[in-house]
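Student: Sequences and hints are given; from them, build the entire structure.
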Amino acid sequence: MRPENYQPVEHPASQEYELYFGPNHPGIEGNYALKVRLTGDEIVGIRADGGYLHRGFEKIMEDRLWIQNVALVPRICVPDPPPMEETYARAVEMIGGLEVPERAKWIRAMILEMSRICGHLFILGGTAAPIGQYSNMFWGVADRDYFLDLFEALTGARVYHMFITPGGVRRDIPDGFLDKLSHILDYLEARLPEYDDLFFNNPVFHKRAEGIGIITQEQALAWGVTGPNLRACGLALDVRRDDPYLIYDKLEFDIPTETSGDVLARTMVRRSEIIESIKILRQIIQHLPQIKGPIRCNLPNPLAWNLPEGDAYARTEAQKGELAFYAVSTGGAKPWRVHVRGPSSMHAVQVLEKLCLGGRIEDIALIMFSLDACPPEVDR
Amino acid sequence: MTTNIPITSDPNTDIACRTPDMQERSLLRKVIDRIADRCRSRSLFILHYCTGCGAIELPPTITSRFDSERLGIQPMVTPRQADILLITGYLSVKTLKRVILTYEQMSAPKYVVGMGSCTINGGMYWHSYATIKRLQEYLPVDMYMAGCMPRPEAIQQGFLQLIDNIDKGKAIAWQDYYQQYDKYLANQQALFGPDWHTPTDVIAEARHYELFTEKTTGEHTALLAKYASKYVTLQHEEHEEIVK
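Chain order of the listed sequences is L and Z. Take the first sequence: its letter number 242 is residue 551 in our numbering, and every next letter is one higher. Take the second sequence: its letter number 35 is residue 32 in our numbering, and every next letter is one higher.
Treat the hints with care, as some may be off.
With a cut-off of at most 25 Å between alpha-carbon atoms, the simulated BS3-like pairs for lysine-lysine come out as follows [as the list claims (entries may be wrong)]:
#1 K130(Z) - K368(L)
#2 K344(L) - K94(Z)
#3 K663(L) - K414(L)
#4 K91(Z) - K368(L)
#5 K588(L) - K559(L)
#6 K344(L) - K91(Z)
#7 K223(Z) - K180(Z)
#8 K368(L) - K94(Z)
#9 K643(L) - K130(Z)
No wet-lab data here; the hints were simulated from the structure.
Tutor: So this is what it looks like as structure tokens:
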């Protein structure tokens, strides 16, 4: 009911209206906002509004010792932290000229692949939720928890492990860990057909996802798209293959691609990547027991550890795309500058805006989840 | 055309129009509050607002493995229907504005839970230029959960404690916001500037809940009246006094 003193406000005649999408909204991934201009349900203008999670990482890292930053870097990307630790550690090793023992390299690769499966399960559940398929979200989160339990057995923490340090890893794998991992990989492999029935072959999902948010190959290269989103456009580019780090040149794995570049293609690439990661982990389980040796090289006193002058650029294929750290040392105990090149800052701002434009409001959430953008890493 | 319905009843004699005397209804009120608290503690809605990294442990807490629904706790998408404002980790200044706005939209009684070390003392980001360090300076906090980040078991233990506190009538931090609004507003203004205001008339709400004290208004709410007078209903004499 209108109050008695109600006075209608005169607006200029227009079909358009503005909608604030987020930050407090279930259809948005994390703490992120979009300002959308609409005519009916068609999007005529969209503007990403980030910065809600800005913590000033690159600045506060300059204030801490090289070794202290190990605890800070995983917090940049919450659903997929190990690649952050690994890339930072590798940049430090490149500056300091540290030689990582072979066994540590294999353990690192194992953690990275486990984290990739975790992140993919999480985001596949997230992709299903905006079209109303909550069962898949429940399954994804529950199956991810098996891997979090493994992480806990290995590192002592569920989410932020701080396990990969410059020079190696913190401790060796516990007894019986590889058996547990093998058991859970078997479980997940047996579970995938069920996921197919529920979600990947679901006609409802295909109807919603086909032809939505298409990225062409030229656009993908021009916009800086990386990771599964790039491979969904038909380009088989992967840092693990193109610029091998750790032990990836000794492993056999395929790079799954799709051609259509839409939401469905991106989802299917993630599904195939889970299978590839299982394959990689099986090879690691097979080889790791034969590789003996230390798990960490000798480090100087971390509180008085001055790295030599120099800079390094280390890059990794993280679960969300290409991740890189550029670290500069001027010979002190603290970094002079650390720059983070995160995959999500490209996906969540420019790409999301361009894909949503001309689309419809109900597809915003689907496109955002299919791009697998991670707001904490966008804002940093 | 609207017609005004004439008021036929006399406010002095009609019992429905008379404001009840506090002494007279205190016992009844106590009993009703006790029953309401017990019911309330069995059905709590968390506001679906992932303010920081702690949000990553909420899906396992809420979904099938730890299943907080068996405690009667569920996520809720709108602030008006939500009971718990869960601050999941660090708050940047930009987010804090939205959190205060959201908090004031929620209907009382409402409970703020600070989750993670960042809400207690800044945590990992203790010297970051972008985040706030102590949540309780800006909002009244009912409970903190320490850890970076707290495990789902810890979150559930926290919820159980909160349920217990609500049941016993101890979770009354929301009253503090009305009773000492000037203090909270002072901290908010120190961060956002003197012209900070929200669309909610907190002082009128404090009067409505009968929680108006002498600390509700002060020199900072006077600034509020100066910059955003349409959002605040100070009574005329009070306003004059404060401006003097």
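Student: Given the hinted pair K344(L) and K94(Z), is their Cα-Cα distance within 25 Å?
Tutor: Holds: K344(L) and K94(Z) sit about 17 Å apart, inside 25 Å.
Student: Would the pair K368(L) and K94(Z) pass a check requiring their Cα atoms to be no farther apart than 25 Å?
Tutor: 23 Å, holds
Student: Do the alpha carbons of K130(Z) and K368(L) lie within 25 Å of each other, as the hint requires?
Tutor: 17 Å, holds
Student: For the pair supplied as a hint, K663(L) and K414(L), confirm whether the alpha-carbon distance does not exceed 25 Å.
Tutor: Roughly 39 Å between the alpha carbons, so the hint for K663(L) and K414(L) is violated.
Student: Check whether the Cα positions of K643(L) and K130(Z) lie no farther apart than 25 Å.
Tutor: OK: K643(L) and K130(Z) at ~24 Å, within 25 Å.
Student: Under the criterion that the straight-line Cα-Cα distance not exceed 25 Å, is the pair K344(L), K91(Z) satisfied?
Tutor: 16 Å, holds
Student: Is it true that the CA of K588(L) sits at most 25 Å from the CA of K559(L)?
Tutor: 13 Å, holds
Student: Are K91(Z) and K368(L) close enough, with their CA atoms no more than 25 Å apart?
Tutor: Since the Cα atoms of K91(Z) and K368(L) sit roughly 18 Å apart, the hinted pair holds (cutoff 25 Å).
Student: Measure nothing beyond the straight line between the CA atoms of K223(Z) and K180(Z); if it is 25 Å or shorter, mark the hint as holding.
Tutor: 17 Å, holds
The structure fails hint 3 only (numbered hints given earlier).
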